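> Sequence:
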Amino acid sequence: MTSHDTAPSPAQPVGPPPPFDPELVPVLDVLTGIRPADAYRPDTIAEMRRPVPGVPTTTDDVLSRDGAYLVRERTVPGPAGDPDIALLVCLPRHVRTPAPVIYFIHGGGMIVGDYRFGLPEMLDLAEPLGAAVVSVEYRLAPETPHPGPVEDGYAGLRWLSQHADELDVDPGRVVVAGMSAGGGLAAGVALMARDRGGPAIAGQLLLSPMLDDRNDSPSARQMRGIGVWDDRSNETGWNALLGEGVRGGPDVSPYAAPARAADLSGLPPTFIDVGSAETFRDEDVAFASRLWQAGGRGELHVWPGGFHGFDVVAPSAAISRDAIAARAAWLRRRLIGGNADAMLRRPGGESL
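Residue numbering for the sequence shown follows our numbering, starting at 4 and increasing by one per position.
Hints in this document: simulated from the structure, not taken from any laboratory. Remember, predicted model here, so these are calculated numbers, not experimental data. Note that the Cβ used here is the ideal one computed from N, Cα and C, for glycine as well. Treat the hints loosely; a few may be bogus.
Estimated spans, in silico, between C-beta atoms of each pair [what the hints assert, rightly or not]:
| hint | residue 1 | residue 2 | range |
| --- | --- | --- | --- |
| 1 | Asp198 | His166 | 17 to 27 Å |
| 2 | Pro307 | Gln165 | 41 to 51 Å |
| 3 | Pro318 | Arg99 | 39 to 49 Å |
| 4 | Pro16 | Ser67 | 45 to 55 Å |
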């Protein structure tokens, strides 16, 4: 198991919260009118898992993109001694194969969400590249604490790599991606893959990742009670994953909280983005800095005035369009490079 850092972060003075992007403010007002920043508490987890009124379900028909993708669920072996897990596999129908793959781990603070949550946004990135998307249904906390969720994520990646020929995808062009809690789990899966000798990962795409259980960064304190996910909701998620009394202590695994990893060398090329006006800002910036210090390849974007998940709820805002374009450009470099032929059409290949 990788070594880990147990030192607490020194307290630093903070000023007022950074201003939100003006184009995002009306959207944020609506969101916080429905759920305040500290809405996630141990006694509200069940309520937060219920469907949001007025938000349509992401069906297979929606994910198929008018026939561009073949969508199927696969049940695959879970971690040793644990239940099988489900993968939602979205394979492009009309591209040259083997196709590159985005292996996606959904967000939800470790406590809510499913393998459809955030998947349309991943397909928006994947479709222009002729890439497949495979989304894992990991078990949620607190019913399944660490290491269950990250082990589920690793088991799904291992199955994908071992069955690449069956799916007609390229095991050498797999990017592990996640947003929020899924970003933290994606980083944990990448650490596991490094420490366990595989599977190979071409890159990791970490979108506002939840990385540090200590929850005491300047941005965490600065944004208390503001935005859509503050340090109190964050504490709920970490306590659910780790158990009461463990968060912030000396025994937290880097596979649960990747910011705890003492060694970030040997990781795949990494893309990190985060808003300047959100809880995770400083832990994400620190993680990127430590990747560079370890000799790694990393790309970091801090979007001025962005709150947590701004690009999902306000995709037409100028800052959101820029954020999405930056991710798309990085993915193209990692998955396609100069190989324009990878996007040529092909016949058949629809069985799964």
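> All the hints need checking, so say for each whether the structure fits it.
Evaluated hints:
Between Asp198 and His166 the CB atoms are about 22 Å apart, so this pair conforms to the stated range of 17 to 27 Å. Separation of Pro307 from Gln165 is about 43 Å and conforms to the stated range, judged on CB atoms against 41 to 51 Å. Checked against the hint of 39 to 49 Å, the C-beta distance between Pro318 and Arg99 comes to roughly 29 Å, which is inconsistent with it. For Pro16 and Ser67, the hinted distance range of 45 to 55 Å is satisfied, since their beta carbons lie about 52 Å from each other.
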